[in-house]
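Visitor: Input sequences plus hints: build the corresponding full structure.
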Amino acid sequence: MWAEVRRHLRGFSSPVLTGLDVDGYPFSIRCSPEPDEAQQVLRVHLPGWARIRLGPASLLCHGHNQLLWNLRSFMVRGTLEPAGSETWLFRPTRFVPGIGISGLAGMVRFAFAKRRTARRYLERRGLPRPTIDWAQLKALQARARHQSPPHPVR
Amino acid sequence: MKVPIPAEVEAVFREFRTCEFSTLASDGTPITWPMLPFFRGSTGQFMTTTSIGLPDKAFNIRRNPRVSLLFSDPTGSGLFDPPAVLVQGDAVAPDEVKTSIGGFENEVMLVYRRQPAGTMYTSNPAMRWFSDWYFMRLEITVTPRRILFWEHGDLSTAPTVVEAIHVG
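Read top to bottom, the protein sequences are chains A and B. All residue numbers for the first sequence refer to numbering that gives the first Met the number 0, where the first residue is 0 and numbers rise by one. All residue numbers for the second sequence refer to numbering that gives the first Met the number 0, where the first residue is 0 and numbers rise by one.
The hints are simulated quantities; they were obtained by calculation from the structure and are not laboratory data. Computed from a predicted model, the values in this text were never measured in an experiment. In this text, a Cβ means the ideal position worked out from N, Cα and C, and glycines have one as well. Do not rely on the hints blindly, as some may be mistaken.
Simulated DEER-style distance windows between Cβ atoms [claimed, not checked]:
1. Asp94/B <-> Glu85/A: 40 to 50 angstroms
2. Ala104/A <-> Asp55/B: 19 to 29 angstroms
3. Trp128/B <-> Ser31/A: 21 to 31 angstroms
4. Thr159/B <-> His145/A: 19 to 29 angstroms
5. Thr92/A <-> Arg127/B: 49 to 59 angstroms
6. Pro124/B <-> Glu36/A: 42 to 52 angstroms
7. Pro34/A <-> Gly77/B: 26 to 36 angstroms
8. Pro124/B <-> His44/A: 20 to 30 angstroms
9. Ser84/A <-> Phe129/B: 15 to 25 angstroms
10. Phe129/B <-> Leu126/A: 33 to 43 angstroms
11. Ala134/A <-> Phe129/B: 35 to 45 angstroms
12. Phe58/B <-> Ser84/A: 31 to 41 angstroms
13. Ala2/A <-> Ala163/B: 40 to 50 angstroms
Guide: So, in structure tokens, the structure goes:
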């Protein structure tokens, strides 16, 4: 798992670290993790004002292009513990692939798995699989195509 | 009601393509994934949705409503030097599967304008069979409790904090 985290982390410069604050709410901040190979942990700097407390945490890496495409993501579950001054240790416990990092085969696996999850969601509630109104969606897509972009793309 | 936050923060809410949305798993771990947020200025709330193929966010919210939304990636927003913003709040995710875009036309239209390649999921019968689960959605509504923002997106400095009583 550590090797997987290290390999995928290389493609992202500022992952999102999320822990819990003193009120029990998620608190997220961008960080620059530094791998500690010996301990197989990630060292992160958290400013003193950050409201994150030690305990469960996660690290999200994701990205997209200007047109919200080429989506890539993965998440790492773990724990966060102070290591002196403003340095904390993120200890990974589980790598969770998102989309766009496992190639076409991974995308197909992802879609089939989500189809199964959706089927179970409906079955447990005794609901039939609904039919999507594709014509309605296509009509909306056509309208969107004929509108100007939301703003100039930088 | 009008949310008394700086205009540049509201612009972030309206223009950022994604936010990093966190919910709490059953063991208390904050689980964060990118989401497409929609800000409703009339109520000061955020709306987003998730597929029933990815229902964990909704399950987490039904068990513990505490969530956060971090707006920290301006890619594609067209905004120059925007602040980074963290919204902490309470969410609801009713167990009602929505398959119609009725009531969401503006949001769906905005998604297709911002993500034109997204039409590939509906482009032919095979793709529609393959991805129909994606269009079976659960609505999530977030009521902010605290908003923190960092001018110029500089997360190394202390944020400005707006507490719930001031945000509607």
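Visitor: Evaluate each hint against the coordinates.
Guide: How the hints compare with the structure:
no., hint, verdict
1, Asp94/B <-> Glu85/A: 40 to 50 angstroms, "holds, 42 angstroms"
2, Ala104/A <-> Asp55/B: 19 to 29 angstroms, "holds, 23 angstroms"
3, Trp128/B <-> Ser31/A: 21 to 31 angstroms, "violated, 43 angstroms"
4, Thr159/B <-> His145/A: 19 to 29 angstroms, "violated, 41 angstroms"
5, Thr92/A <-> Arg127/B: 49 to 59 angstroms, "violated, 38 angstroms"
6, Pro124/B <-> Glu36/A: 42 to 52 angstroms, "holds, 50 angstroms"
7, Pro34/A <-> Gly77/B: 26 to 36 angstroms, "holds, 35 angstroms"
8, Pro124/B <-> His44/A: 20 to 30 angstroms, "violated, 51 angstroms"
9, Ser84/A <-> Phe129/B: 15 to 25 angstroms, "violated, 51 angstroms"
10, Phe129/B <-> Leu126/A: 33 to 43 angstroms, "violated, 20 angstroms"
11, Ala134/A <-> Phe129/B: 35 to 45 angstroms, "violated, 18 angstroms"
12, Phe58/B <-> Ser84/A: 31 to 41 angstroms, "holds, 38 angstroms"
13, Ala2/A <-> Ala163/B: 40 to 50 angstroms, "holds, 43 angstroms"
Against the hints set out earlier in the document, violations occur for numbers 3, 4, 5, 8, 9, 10 and 11.
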